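Chains as they are written, first to last, in UniProt numbering: chain A, 1 to 130; chain B, 1 to 123; chain C, 1 to 96.
It is worth saying that the hints were derived from the structure and are not from the lab. Fair warning: this is a prediction, and the values are worked out from it, not measured in the lab. It is possible that some hints are incorrect.
[Unchecked claim] Residues of chain C placed beyond 10 Å of chain A at every Cβ, according to the derived structure: (1) M1; (2) I32; (3) P41; (4) I51; (5) R73; (6) V83; (7) T92; (8) V93.
[Unchecked claim] Mimicking DSBU-like on lysine-lysine, the simulated pairs with C-alpha atoms at most 35 Å apart in a straight line are: (9) B:K54 x B:K64; (10) A:K98 x B:K64; (11) B:K64 x C:K91.
From the three backbone atoms N, C-alpha and C, an ideal C-beta is built for every residue, glycine too.
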Amino acid sequence: MRYALLVQGGPYSHQASHSALRFAEAVLARGHHLATVFFYHDGVYNAARLSAPPQDEPHLLDAWRRLHEDHGTELLVCIAAGLRRGLLDEREAARHGKQGHSLEAPFELTGLGQLIEVGRSHDRLVTFSP
Amino acid sequence: MNDIPEGDLLVILRHGPHGNSWLREGLDAALVAAAFGQRVSLLFLGEGVMALLKDQQEGPLGQKGTQPMLEMLGMYDIETLLVDRRALSERGIEVDDLCVSVSLVEGEAIAGALAHHRQILNF
Amino acid sequence: MILHILNRSPSASRVFQQTLDAMGPEDRLLLIEDAVQGALPQLVRYFEPVIGRLFALREDLASRGLDGRCDSRVMVVDVDGFVTLTEEADKTVSWF
């Protein structure tokens, strides 16, 4: 089956990100395709590229990246929710006259319409909220 | 209640305006889905009914309310607004106190609304 | 059949009531994160209407020191079982 996850909890504030990543591993282990993770609400903070957790804590940012590298999972960040919260890729940073950017590949800023498309085109959408 | 239409997406709204962004972001999702041609219904449960009260205003620093978004629902052909009857009565709110026209649901009709839609987003 | 996923303890939040109100007769409920407290014999009464269709996530019980303290009527599943529940359901709804 084609799975998608919707993550709405901020990393290190709520268990949502940890729960979603644990579920993601289990989905893959059962032979499903985890096609998409969509980040909305405070979930967009999962994409903050400068996240620097202590070494003895799970590195959530790296765990998301590995999902993309090892399984081709697309990591989509709602652009409206992201921009409000300071999550800008290089292009958006330039467009808004900001120095530096806070989000980079493999995370992609995308419209909320993508979430609707994901819900339509995947077999299962499972939400992890704060 | 058997007049709940079949739909592509049911957006459940369970938070009131101003205190957090769930209501705004939930309504955003509903409007975008409708713009993409999905048949969208809204279900207001619990505190979500506070979204519908008349006479709301801006919050501090001009914080936007959600009333303008509710007024746009018709333009996007979102016409099925289901409201939990008990949530209204618990708060002493009458249907006449609401800024849009709604259908009241209770009991099994709530589960029916979930069953009648292919996809559900819960905010 | 819908799989409902709840992450709030019934002793801290009333969202469990909304969840129960929205459940159809065949729907299932999985308790995760803080909601696993609801599997304790002292709190499981809140979920009386869905006994037999009530699951709790083992990993979240274990991390909270609650594995082995569950009411026997709650079906404990690991994260693999969580995936199975999503496979068996037509769709999922998360309550928070």
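Could you tell me which of the hints above the structure violates, numbers in ascending order? Violated: hints 2, 6, 7 and 8.
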